[in-house]
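Trainee: Letter by letter, the chains look like this.
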Amino acid sequence: MYPLFTTGTIDFNSNLLYALVIGALFGIVLERTGFGSSKHIAPIFYFRNLKVSQTIVSAIITCSTLIVISSYNGWVDYNQIFIPDTYVWPYLVGGVLFGAAMVMSGWCPGTAIVGFASGKIDAFVFMTGLLCGMYFYFDIYDQISDFANSGYLGRYTIDKLVGGDIYTSSYLITILLGAFLAIFMNVMKSIRDKKEKL
Amino acid sequence: MNQKDGYWHPLVSGVILGIVLFISFMVAGQGMGASGAFARVTAQLAYLYDSTFAQNSYAAKYLFNGNALSNWTVVETFGIFSGGYLSAMFAGRIKQSIDKGDDYPSYKRLIWAFLGGFIMAGATRLARGCTSGQALDGAATFSAGTWIFMLAAFGAGFVFAPLFKKQWKNIG
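Note that the protein sequences, when read in sequence, are chains R and A. If you count by this note's numbering, then the first sequence holds residues 266 to 463, one letter each, in order. If you count by this note's numbering, then the second sequence holds residues 4 to 175, one letter each, in order.
Derived from the structure by calculation, the hints contain no laboratory data. Hints are supplied without guarantee of correctness; some may be wrong.
[Stated by the list, open to error] Far from chain A, some chain R residues (derived; all Cβ distances over 10 Å):
(1) Val-361
(2) Asp-411
(3) Asn-451
[Stated by the list, open to error] List time: in silico DSSO-like cross-link candidates among lysine-lysine, alpha-carbon distance up to 27 Å:
(4) R:Lys-462 to A:Lys-98
(5) A:Lys-7 to R:Lys-304
(6) R:Lys-459 to A:Lys-169
(7) R:Lys-460 to A:Lys-7
(8) A:Lys-7 to R:Lys-462
(9) A:Lys-98 to R:Lys-460
(10) R:Lys-459 to A:Lys-111
(11) R:Lys-304 to A:Lys-64
(12) R:Lys-454 to A:Lys-7
(13) A:Lys-172 to R:Lys-459
(14) A:Lys-168 to R:Lys-304
(15) A:Lys-111 to R:Lys-462
(16) R:Lys-459 to A:Lys-98
(17) A:Lys-64 to R:Lys-459
(18) R:Lys-462 to A:Lys-172
(19) A:Lys-7 to A:Lys-111
[Claimed, not checked] Output of the computed footprint for chain A on chain R, the stretches with three or more beta carbons under 8 Å from beta carbons of chain A:
(20) 275 to 283
(21) 288 to 298
(22) 367 to 381
(23) 392 to 398
No residue lacks a Cβ here, since even glycine has one placed at the ideal position from N, Cα and C.
Use the sequences and the hints to build the structure in full.
Mentor: As structure tokens, this is what we get:
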């Protein structure tokens with residue numbers, strides 16, 4: 266029965282060893298896709314490349330489909346998979362700050378590690394900013410903790426929002442993500458065509 | 004598998020990434036993350052410097068759970084670094100440089116990189132994760148809350164993009 270760690274099949278230390286391997290695979294995929302350079306990340310916000318959106322969409326569809334298949338066959342206990350609790354207002358404000366910071370810096374925490382490993386000085390500086398920002402957040406936490414914990418909904422999954430079960434959720438996100446990618450590609454193409462005409 | 008520019012096709016990468024993420028869920032019961040490692044390491048460093056930091060109301064829960072090196076996300080992040088380094092090395096892509104648009108001054112680029120990191124730190128704490136630990140993991144496991152974060156982040160990226168146009172001139 267999976268997950269191996271939460272069901273007690275492997276112990277704490279083996280889980281950490283696997284964490285190293287899983288992280289390494291993650292790092293390899295990020296580097297091979299081009300996310301070791303912010304030159305391949307920032308252009309998404311100017312409709313200049315598809316790398317970020319295509320990678321995220323196909324990763325989500327692949328993984329969620331595998332989870333649904335495993336859950337259907339009883340291989341995995343979906344309820345034992347960790348999903349961060351939803352806090353509506355902090356997620357909204359955190360998201361806005363995150364997006365602004367991403368186009369400002371050209372990095373996010375995961376890609377910056379790969380950028381740093383590839384010798385990018387801006388990735389190193391970004392990581393320093395992250396550490397300082399974390400300290401700042403810890404420091405002011407008492408003042409903002411009410412807001413940071415507002416709009417609490419617990420383990421809030423799509424089926425709780427729209428009804429149905431995880432199969433409904435799976436259909437829904439697959440269709441919506443597919444539509445999103447198609448629209449994004451069309452917008453990008455029309456912007457490119459316009460530029461070529463000028 | 005490689006395209007003309009030497010990278011994998013993003014759709015292929017996405018499928019492989021999805022499989023790796025699935026393995027992570029099957030083994031550890033959680034998906035990959037990155038911002039949590041930075042938070043955890045910052046708390047540890049602050050504690051090493053001054054042990055009264057253990058009373059900090061946010062960081063206390065981290066420090067209570069033992070050393071940072073026994074934290075799943077921290078160990079996994081060392082993995083990200085190693086994998087990224089080996090991959091870049093074999094592809095001949097390790098080079099000391101600053102990613103920026105044509106003619107943009109390096110010092111300005113580094114100021115934005117630092118500020119972006121500083122702002123993003125708090126953003127990940129409010130949102131309980133980043134592009135990996137919140138957006139990717141949450142979406143793949145059918146979290147509804149993740150979409151609040153994802154749409155807000157993506158939308159804000161486009162809204163603020165014109166302010167940073169010069170920084171990313173002629174790239175991508």
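Trainee: Work down the list of hints and note, for each, if the structure agrees.
Mentor: Consistency of the hints with the structure:
Under the 10 Å C-beta cut-off, the non-interface status given to R:Val-361 relative to chain A is violated; the minimum distance is some 4 Å. Non-interface call for R:Asp-411 relative to chain A: holds, since the shortest CB-CB distance, roughly 12 Å, exceeds 10 Å. Against the 10 Å criterion, R:Asn-451 stays outside the reach of chain A, whose nearest CB is about 16 Å from its own CB. The straight-line distance between the Cα atoms of R:Lys-462 and A:Lys-98 is roughly 37 Å, outside the 27 Å bound, and the hint therefore fails.
Between A:Lys-7 and R:Lys-304 the CA atoms are separated by roughly 16 Å; this keeps the pair inside 27 Å, and the hint holds. A distance of roughly 20 Å separates the Cα atoms of R:Lys-459 and A:Lys-169; the hinted pair therefore holds under the 27 Å criterion. About 23 Å separates the Cα atoms of R:Lys-460 and A:Lys-7, which keeps this hinted pair within 27 Å; it holds. Note on A:Lys-7 and R:Lys-462: the hinted pairing holds, with a Cα-Cα distance of about 25 Å set against a maximum of 27 Å.
Of the pairs offered as hints, the one joining A:Lys-98 and R:Lys-460 is violated, with about 32 Å between alpha carbons and a cut-off of 27 Å exceeded. Taken as a hint, the R:Lys-459 and A:Lys-111 pair is broken in the structure, with Cα atoms around 31 Å apart against an allowance of 27 Å. The suggested pairing of R:Lys-304 with A:Lys-64 is violated, with an alpha-carbon distance near 37 Å, which exceeds 27 Å. Annotation: proposed proximity of R:Lys-454 to A:Lys-7 holds, straight-line Cα distance about 20 Å (limit 27 Å).
Restraint check for A:Lys-172 and R:Lys-459: the C-alpha separation of about 18 Å stays at or below 27 Å, so the hint holds. At roughly 13 Å between alpha-carbon atoms, A:Lys-168 and R:Lys-304 fall within 27 Å of each other, so this suggested pair holds. Proximity of A:Lys-111 to R:Lys-462 is assessed by CA-CA distance (about 33 Å); at most 27 Å being required, the pair is judged violated. Among the hinted pairs, R:Lys-459 with A:Lys-98 is inconsistent with the structure: their alpha-carbon atoms are about 35 Å apart, more than 27 Å.
At roughly 53 Å between alpha-carbon atoms, A:Lys-64 and R:Lys-459 are farther apart than 27 Å, so this suggested pair is violated. Pair hint R:Lys-462 plus A:Lys-172 holds up; C-alpha atoms about 20 Å apart against a cutoff of 27 Å. Pair hint A:Lys-7 plus A:Lys-111 does not hold up; C-alpha atoms about 32 Å apart against a cutoff of 27 Å. Given as covered by chain A, the segment 275 to 283 of chain R passes the check, having 5 residues with a CB less than 8 Å from a CB of that chain where 3 are the minimum.
With a cut-off of 8 Å between beta carbons, the segment 288 to 298 of chain R has 11 residues touching chain A; three or more are needed, and the interface restraint holds. For a cut-off of 8 Å, the count of residues in the segment 367 to 381 of chain R with a CB near a CB of chain A stands at 15, and the three-residue condition holds. For the segment 392 to 398 of chain R, the stated coverage by chain A is satisfied: 7 residues place a CB nearer than 8 Å to a CB of that chain, which reaches the threshold of 3.
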